Structure formats: C-alpha cells, structure tokens
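Peer 1: Here is how the chains run, residue by residue.
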Amino acid sequence: MKTFVIALAGIALASAAPLLAHGNTTPQHGGVVQMTGETLFELVRVPAGVSIYVTDDEEPLASSAATGKLAVTIGGKTQNIVLKSGPGNRFDAPGLKLTPGAKVAVQVVEKATQARLGTTFVIK
Amino acid sequence: MRHLKHLIAAAVIGGMAAPPVAAHGIWFAQRARQVAMIYGIGADDLDMVKRLPLVESIGAFDASYKPVKAVLRTAGPVVMVDADEQPTLLVAVLQNGTWSRKGAAEFEKKGRDEMPDATLSEKTVKYAVSIQGPLDKPIPALPTQILQIVPASVLPTMLGTPLKYTVLFNGKPVKGARVIADMVNDPDAKELETGTDGSVTMPVRNQGLNVIRAVYNGPTDNAKKYDRIEHTATLAYTLAHAPE
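The listed protein sequences correspond, in order, to chains F and A.
Position 20 of the first sequence, counted from 1, bears residue number 19 in numbering that gives the first Met the number 0, the numbering being contiguous throughout.
Position 64 of the second sequence, counted from 1, bears residue number 63 in numbering that gives the first Met the number 0, the numbering being contiguous throughout.
Quick caveat, the hints were computed from the structure, so don't treat them as lab data.
On a predicted model such as this, the values are computed, not experimentally measured, just so you know.
Each residue gets a CB set at the ideal place from its N, CA and C atoms; glycine is no exception.
Be careful, since some hints might not be right.
[To be verified] From chain A, some residues computed to sit far from chain F (all C-beta separations above 12 Å):
(1) A82
(2) R100
(3) N184
(4) A188
[Stated by the list, open to error] Cross-link-like lysine-lysine pairs, in silico, DSBU-like; alpha carbons within 35 Å at most:
(5) F/K123 with A/K65
(6) A/K65 with F/K96
(7) A/K65 with A/K109
(8) A/K108 with A/K174
(9) A/K171 with A/K109
(10) A/K68 with A/K171
(11) A/K136 with A/K108
(12) F/K68 with F/K96
(13) A/K224 with A/K136
(14) F/K76 with A/K171
(15) F/K110 with A/K108
(16) A/K189 with A/K109
(17) A/K68 with F/K96
(18) A/K109 with A/K174
(19) A/K65 with F/K83
(20) A/K174 with A/K68
(21) A/K189 with F/K76
(22) A/K174 with A/K189
(23) F/K110 with A/K189
(24) F/K68 with A/K174
(25) A/K136 with F/K123
(26) F/K96 with A/K136
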C-alpha cells in the first residue's frame, strides 16, 4: 500500500468540471472565467480582495437571491469563506489574497430553489 | 437419467458460480444542474427516493480531503445532494439487503435463514465516489468505502486514452475485482479482473460522464444469513466537452 501511495504521489488529476460550454465566456470584469454547464463564474482579484460574478444561462444571478461560499485551499490547508452580497451578480470576499496554485471552490445556493451552482478555480 | 443428474448438478454449480447478472450500482450524476444520487444500471435511472432508507452514509470532501457535510434532499422523484461547500469528492454507501436464489432462478430478497435451500445467498452493498473538482494529490482510501476504485494516474482530457485504475478492498489493492469502464453506457461489457496489484487499465470511454464499476465478492460476516458479501463500487468523473 505504501508503494502504491508513493507511486501515486504528485499526480495531478484534470478538472472534473466542464471548462467551456454555452454562451459568452469572455471575462467581463477583467478576471478569469470558468463555465459549468450553462453557469459562468468569473473570479476577479482586486486590491480589496476577491469578487465572484455569476451568470446563469446568460442571465446575471442576483447576489441578493443567493448565498455564496468559497473553500480556498493553499498548501493543503482549506479556508472557508462566506461571500458577501455585492451589487448585481457580484459576490465579495473582502481581504482575500490568492497565491498561484490556490484552489478556489465556489458555491452559490439559490435561496428560492436551494439549487447549488459551483465550480473550482485553480489560480495561476 | 445419469446424464440428467449431471446436467442438474452442472446447472446448480453454474448457479453458484455465476455472478448475479447486471450488478446495479449507485453513482452521482448531474440532473438539472444539480448533483443527484442515482441507483440503477445502464439507462435505468431507478427509484432512488424509495431506496433512501437504504443509504447508510453520504459525504463530501474538500480539496484537502477534509470531510464536508453533505445531505440528501428529495426533489420530486430525484434525490439531490446538498454539500455545504463546492466539493472535490462525493461519496455514498447504500446497503442493498440480502438476496438469495435457487440455481439460476431470480434472486429474492431473503437470507439463507429464510431460504435454506438457496444455492447462493449474498449481502449486497453499493459504494460510490464521484470526482467533482480538480485533484492535485491521489485520492486516499476513504473510510466508508470498503470497495473503492481510484484512478492511478492523471485523468486524461480525451476519451479513448488508456487509464489505470486500482481497486481497493478495505483500503488495500485487491486481486480479482471485476471492472467495466462504463456501467451507464456499456453495462454488459466484458469485465476485466484486477491483477495482483489490484489494477486494471482501460480506455476512458466517454467525453462526458464516465461511471467505472467494480464488483468484488468478499467473505461473509454472518454465515447463517449469507455466503458472501457482494461489494459494488463506482467511480464517476467527467471529461469536459469541446467549446460550443
């Protein structure tokens, strides 16, 4: 088993989430985008922290109609962050700093339906 | 007459040796943008709501493989998975009961104590692991997954690429697990058996959802009720499709 684990060490597996699919995938806010199905997530790093914009089937998802969370993993440690509702379809993580290699798992939950939308960014 | 006895004996032995046809399994798949827990085989997406009481555990893990709370939620005829955060892995275990049969007859949901003349009695347990996010380290042996399939190398981006899997039983590679590359779209495929290192290599079948299935017959823990425990594990992951 030890040999088995060692043999596996360092292996990186590809993302399970579809990268591109429907609609406009051009970043609208200067960030990086990732598509899951028909839901587009844009992660923007700004001096004040990190913002996430969510567009579902080409329609902005009002942040007031959903809750959001991040799970940020850096160096094997995961930090959970509750996103703050911003204007329009923006969710904010004030003060968050990301470093290359960080994984940012985004989840938003629509309040009305409990539908969960999510993706994971790997910061370059 | 003697020939007939031989035929009957052969049929009985065959019934004992033959694995149950079409081992059903559980896996996770997308339904209306949500992750749902599925019970079935092939295109048969069966009644998971009815089987909810059989679910022994449901769980999720983050990118560090730290447990994340997850619960099942019934939404009409579908069972959704609600994880507290975007998970990297989802896992579940379903206790599918004890089944017995005589010869090649249909299995009945009974133990050997209820069907003493059964030629085979088995307890059946279903396990599922789903990769929901990018991984940067190997998937460990997970505590609830008595039988577990782990990819032994990087997931490819294109279908048709050979991929090695290791099947773990109680956390260790096991020989003789029977594996197919996709229990949803090719459920009757010829099973490949894992070697002494517990591994098997198969091409990735789909540019989309892949549900690998492994079946392994483990020893009984209650010989009065069943002769063996049939463990059925799935590993589900998705290859991204091309941009539209």
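Peer 1: Measure nothing beyond the straight line between the CA atoms of F/K123 and A/K65; if it is 35 Å or shorter, mark the hint as holding.
Peer 2: With a Cα-Cα distance of about 23 Å, the restraint between F/K123 and A/K65 holds, given a limit of 35 Å.
Peer 1: Quick one, are F/K68 and A/K174 close enough, alpha carbons at most 35 Å?
Peer 2: Since the Cα atoms of F/K68 and A/K174 sit roughly 42 Å apart, the hinted pair is violated (cutoff 35 Å).
Peer 1: Regarding the assertion that A/A82 does not contact chain F, is the least Cβ-Cβ distance greater than 12 Å?
Peer 2: violated, 7 Å
Peer 1: Hint check: F/K110 vs A/K108, CA-CA at most 35 Å. Holds or violated?
Peer 2: With a Cα-Cα distance of about 42 Å, the restraint between F/K110 and A/K108 is violated, given a limit of 35 Å.
Peer 1: Taking only the CA atoms, is the gap from A/K68 to A/K171 under or equal to 35 Å?
Peer 2: Answer holds: A/K68 to A/K171 is near 26 Å, not above 35 Å.
Peer 1: A/K136 and F/K123 were given as a pair; does the straight-line alpha-carbon distance stay at or below 35 Å?
Peer 2: Roughly 17 Å separates the two Cα atoms, so the pair holds.
Peer 1: Starting from F/K96, check that the Cα of A/K136 is at most 35 Å away, please.
Peer 2: holds, 23 Å
Peer 1: Are the Cα positions of A/K171 and A/K109 separated by 35 Å at most?
Peer 2: Holds - the C-alpha atoms of A/K109 and A/K171 are around 31 Å apart, at most 35 Å.
Peer 1: Taking 35 Å as the top limit, are the C-alpha atoms of A/K65 and F/K83 close enough?
Peer 2: Holds, because 24 Å separates the two Cα atoms, which is no more than 35 Å.
Peer 1: Just checking, A/A188 versus chain F, shortest CB gap more than 12 Å?
Peer 2: Its Cβ never comes within 12 Å of chain F, the nearest being 22 Å, so this holds.
Peer 1: Given the proposed pairing of A/K174 with A/K189, does the C-alpha separation stay at or below 35 Å?
Peer 2: It holds: about 17 Å lies between the C-alpha atoms, which stays within 35 Å.
Peer 1: Please verify whether A/K174 and A/K68 have alpha carbons no more than 35 Å apart.
Peer 2: holds, 33 Å
The structure fails hints 1, 7, 11, 13, 15, 21, 23 and 24 (numbered hints given earlier, in ascending order).
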